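Make a model of the complete structure from these sequences and hints.
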Amino acid sequence: MWVYILVGVLALLAGLALGFFIARKYMMDYLKKNPPINEQMLKMMMMQMGMKPSQKKINQMMSAMSKQQTK
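If you use the numbering used here, the sequence shown corresponds to residues 10 to 80, in order.
Hints were generated in silico from the structure; no laboratory data involved. Take the hints with a grain of salt, since some may be wrong.
In silico lysine-lysine, DSBU-like type, Cα no more than 30 Å apart, as pairs [claimed, not checked]:
| # | residue 1 | residue 2 |
| --- | --- | --- |
| 1 | Lys52 | Lys76 |
| 2 | Lys61 | Lys41 |
| 3 | Lys65 | Lys42 |
| 4 | Lys52 | Lys41 |
| 5 | Lys61 | Lys76 |
| 6 | Lys76 | Lys42 |
| 7 | Lys42 | Lys61 |
| 8 | Lys41 | Lys65 |
| 9 | Lys34 | Lys65 |
| 10 | Lys66 | Lys52 |
| 11 | Lys41 | Lys76 |
| 12 | Lys52 | Lys65 |
| 13 | Lys76 | Lys66 |
| 14 | Lys34 | Lys61 |
| 15 | Lys76 | Lys65 |
| 16 | Lys42 | Lys52 |
| 17 | Lys66 | Lys41 |
As the structure is a computational prediction, the values presented were derived from the model and not from experiment.
Below you can see the structure in the form of structure tokens.
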């Protein structure tokens, strides 16, 4: 009787671990293909805040965000 419970618990733990890693891989691939913020969005946000966005400033902010994502 206790063998069935042990097998059930082990199967549950294996399913949870496998589901976690599959979901993590899916989200990482999704975020690589569809980054949350691109240059156009960043430019619009800066203009809405009253800043005049230069290409240099946009490039600096994009590279900073890219470095932050890889960590």
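- Message: Next pair to validate is Lys34 with Lys65; report whether the Cα-Cα distance is within 30 Å.
- Response: violated, 33 Å
- Proposed proximity, Lys42 with Lys65 (alpha carbon, max 30 Å): Since the Cα atoms of Lys65 and Lys42 sit roughly 24 Å apart, the hinted pair holds (cutoff 30 Å).
- Given the hint that Lys66 pairs with Lys41, does the C-alpha gap stay at or below 30 Å? holds, 23 Å
- Query: Going straight from one Cα to the other, do Lys41 and Lys65 come out at no more than 30 Å?
  - Reply: Between Lys41 and Lys65 the Cα gap is close to 23 Å, so the pair holds against 30 Å.
- Take the C-alpha atoms of Lys52 and Lys41, compute the straight-line distance between them, and say whether it is at most 30 Å. OK: Lys52 and Lys41 at ~20 Å, within 30 Å.
- Task: With a cut-off of 30 Å on the C-alpha distance, tell me whether Lys61 and Lys41 pass.
- Result: Since the Cα atoms of Lys61 and Lys41 sit roughly 28 Å apart, the hinted pair holds (cutoff 30 Å).
- Message: For Lys52 and Lys76, compute the direct alpha-carbon distance and say whether it is at most 30 Å.
- Response: Holds: Lys52 and Lys76 sit about 19 Å apart, inside 30 Å.
- Item | Restraint check for Lys76 with Lys42, where alpha carbons must lie at most 30 Å apart | holds, 17 Å
- Message: Would the hint linking Lys34 and Lys61 be met if the CA-CA limit is 30 Å?
- Response: Outside the cut-off at roughly 38 Å; violated.
- Query: When you check the alpha-carbon spacing of Lys52 and Lys65, does it fall within 30 Å?
  - Reply: holds, 11 Å
- Is the Cα-Cα distance between Lys76 and Lys65 30 Å or less? Holds, because 17 Å separates the two Cα atoms, which is no more than 30 Å.
- Message: Holds or violated: Lys61 and Lys76, Cα atoms, limit 30 Å.
- Response: holds, 24 Å
Hint compliance for this structure: hints 9, 14 are not met, and every other hint is.
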